[in-house]
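Residue numbers (the working numbering), protein chains in the order written: chain A, 1 to 299; chain B, 1001 to 1457.
These aren't lab readings, by the way, just hints derived from the structure by calculation.
Please read these numbers as outputs of a predicted model, since none were measured by experiment.
Fair warning: there could be bad hints in the mix.
As the list claims (entries may be wrong) - Capping the alpha-carbon separation at 30 angstroms, the derived lysine-lysine pairs in BS3-like fashion look like this:
#1 K245/A <-> K1190/B
#2 K47/A <-> K1446/B
#3 K1209/B <-> K1190/B
#4 K1284/B <-> K245/A
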Amino acid sequence: MIGRARRRGPLAGESRWAWVFLAPTLLGLAVLSAGPIVAALGISLTKWDLLTPPKFVGLDNFFALVGDHRFLVALRNTAFYTATSVPLGLVLGLGLALVLNQRLRGISWIRTAYFLPVVTSTVAISLVWSWIYSPDHGPLNGVLGFFGLPAQKWISDPFWAMPAIVIMSVWQGLGTTVIIFLAGLQGIPEEYYDAASVDGAGPRARFRHVTLPLLTPSIFFTGILALIDSFLVFDQVYVLARPGKPFDATVTLVYTIYENGFQNFKMGYAAAGAWVLFIIVAALAAIYFRLQNRWVHYQ
Amino acid sequence: MIRNQAIRAMAALAMTAALVAACGGSTGSPPASASTPATGGSPSTPAATASTAASPSVATGYSGPEATIEYSIWGDPTELKNQQAIVDAFHAAEPKITVKVTVSDWDTYWAKLQTGLAGGAAPDVFAMDGPLFPDYAGRDVLLDLSPYIQAEGYDLSQLNELAVKDFTTADGRQLGLPRDLNVIALFYNKTLFDAAGEPYPDDTWDWAKLVEVGKKLTKDTNGDGKVDQWGLYTETTDMENYWSSLVWQNGGDILAPDGKSIVLDTPAATGGLQFLQDLIWKEKVVPEPALFAETGDAFEQGKAAMEVNGSWLVATDEAANLEFGIAPLPKGPAGRATSVNPTGAVVSKSSKSPDAAWAFVKYLASPEAQQKIMALKASLPVNTAVLTGPYAASFDGAAVLAGALDYAHLKPSFKGYDEFATTLQGELDEHVFNAPDETAAEAIAKVKDQLNQLLNQ
Chain A
1 MIGRARRRGP LAGESRWAWV FLAPTLLGLA VLSAGPIVAA LGISLTKWDL LTPPKFVGLD
61 NFFALVGDHR FLVALRNTAF YTATSVPLGL VLGLGLALVL NQRLRGISWI RTAYFLPVVT
121 STVAISLVWS WIYSPDHGPL NGVLGFFGLP AQKWISDPFW AMPAIVIMSV WQGLGTTVII
181 FLAGLQGIPE EYYDAASVDG AGPRARFRHV TLPLLTPSIF FTGILALIDS FLVFDQVYVL
241 ARPGKPFDAT VTLVYTIYEN GFQNFKMGYA AAGAWVLFII VAALAAIYFR LQNRWVHYQ
Chain B
1001 MIRNQAIRAM AALAMTAALV AACGGSTGSP PASASTPATG GSPSTPAATA STAASPSVAT
1061 GYSGPEATIE YSIWGDPTEL KNQQAIVDAF HAAEPKITVK VTVSDWDTYW AKLQTGLAGG
1121 AAPDVFAMDG PLFPDYAGRD VLLDLSPYIQ AEGYDLSQLN ELAVKDFTTA DGRQLGLPRD
1181 LNVIALFYNK TLFDAAGEPY PDDTWDWAKL VEVGKKLTKD TNGDGKVDQW GLYTETTDME
1241 NYWSSLVWQN GGDILAPDGK SIVLDTPAAT GGLQFLQDLI WKEKVVPEPA LFAETGDAFE
1301 QGKAAMEVNG SWLVATDEAA NLEFGIAPLP KGPAGRATSV NPTGAVVSKS SKSPDAAWAF
1361 VKYLASPEAQ QKIMALKASL PVNTAVLTGP YAASFDGAAV LAGALDYAHL KPSFKGYDEF
1421 ATTLQGELDE HVFNAPDETA AEAIAKVKDQ LNQLLNQ
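With the hints as extra help, turn the sequences into a complete structure.
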């Protein structure tokens, strides 16, 4: 993929330097990511409780996953989470970025405010939201009551539990999306808009034919981040499902992996789950990249 | 362009890998503890041992070299402070041994412990929950303390029998000593009882009386059409808080004596579970679990007149400035029963200072340390000299808690407890307690095969 032909001239040294500068990252990835990923594959072929020597069981763990009710429910819940939180986050993020892309007094303070949830710990956020969702004293039910709508049990209600988690996560992740979109918006040269205006384009046409196409790289980038991140949803359910444990309505893939590895003494089985998750995420990412030349425009 | 795309694809895959791995990192391996490695203060070679082996300390009987050991517990910063006080007293009695206490929250504690044991960096001494003991005892990571007990003629009968039993293996090895224990009892709010002119609960109460008084104390105090004071509060998410006691009070049990199958599907057992569902959904004297899932204990907030829960409440209810009393759990059709769950201290098999670790474990169960545990009111002491002596008189209701041990059943304890409990409790929470979709009998019938399979894996 990367040309190995020795080049002469000014660029020869450059590629060497590129590798030098890349080395720390590559080394980190190899040791801290590739190593564990390969090790997990090995572990997934064993029955291992962490404390006594592992036993090789071939693909048994993977076969067992297919018939594991909790794993399948977790897969369904995670898919739901991804399918809702990613598009919702992108659309809201784009809308908010357009609103925040104004020259107003104090705009930088407002932008900062939207970024705050991103740098706040998910555990703290989940605790606040568990209060918001509280059926008895929660402000959300208070607001619903004000408009004459029936109170809901949110996290304790199998129907609302996952949507409630999606809403919280979208709110939390909005800052990241907005900041990337804002950067994208501000990178669009003013001349394009001027040219479009001269050609008679109104605000809607300018958005449709200038802003949106030139923002596709940003949308693509936030999309892949959100996609990967959404499959790894864990903290939110881990905190919101207390006391007790996430049940069928809220259990997610990473939670079952954690549960099998560290509560059920099934590290091999947990590693198999992690590999299934890895394959799903890698496959989706690959498809996503394949599709990019259909809709992503680089300037 | 093609090359760019390939590079981007590679970057994305690397990013995917990094994120998956990063996630594995955050959930899989919690940050390494900041404690120092558990090595002895001086090398524990035979020569060193011989040269420093002067006369054994009177207080602990320890005659080894200077040593530093790590002692891990779950809990919060308060718990750390409390245990630190005990550790300091130990160090004063045995200056040759320094104990470093490390604390983590419950979930992190077990994940950290497992990775520590797997990586050979486990703490020397660590706290052990009764029900989870078999998971560790059965995996050969705990030091057998029996040789010490025999060599020193340590008298196990000075400790509560049930609590000792929880750390004894089926083949009679003692892989830990109990440190403290908790029992379930009925707590009542004197202020709310007085306001209603109701006599306080006592040992004559049975299920019917609980419902009767519970109904009288369940009220809409501000007239908005919604109940805001409940007769009884309890937690439904674990068998220990109430439902295992109800099963036993109804003449049922959870597992068959051989531990290979559940007997939770017998009418006696499901009757106990059903009573809890009825308290919530039929009699409506217990708030439905969703109402207080986020805000915590209704009794502590003064919104429930009674609570069935563990003896750990004494410390929190006192801190909440409640005027409360303690009564035995109301009798069921088959009589009186409650649940006891001991916490123990165990020694890692890979400890480099097993003698020092044993000296410390023994100290934790000694009357001196037990008096300190007693004073915290967060659990009961296990040393009978303290339990039946000063403890029973240490606060109003302590005698009820100590007396409950006479009719208490040990919380079930077996290999694979956690997975069993998650499966069982998931069904009960979702379909029996959180919403009355199914009767207790229907729910148990649904998960019976799965539970039996887990008991035999």
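To see whether the hints hold, each was checked on the structure:
1. K245/A <-> K1190/B: Status violated; Cα separation ~33 angstroms.
2. K47/A <-> K1446/B: Distance of about 28 angstroms is within 30 angstroms: holds.
3. K1209/B <-> K1190/B: Between K1209/B and K1190/B the Cα gap is close to 17 angstroms, so the pair holds against 30 angstroms.
4. K1284/B <-> K245/A: At roughly 24 angstroms apart (the allowed maximum being 30 angstroms), K245/A and K1284/B satisfy the hint.
The structure does not agree with numbered hint 1 stated previously, though it agrees with all others.
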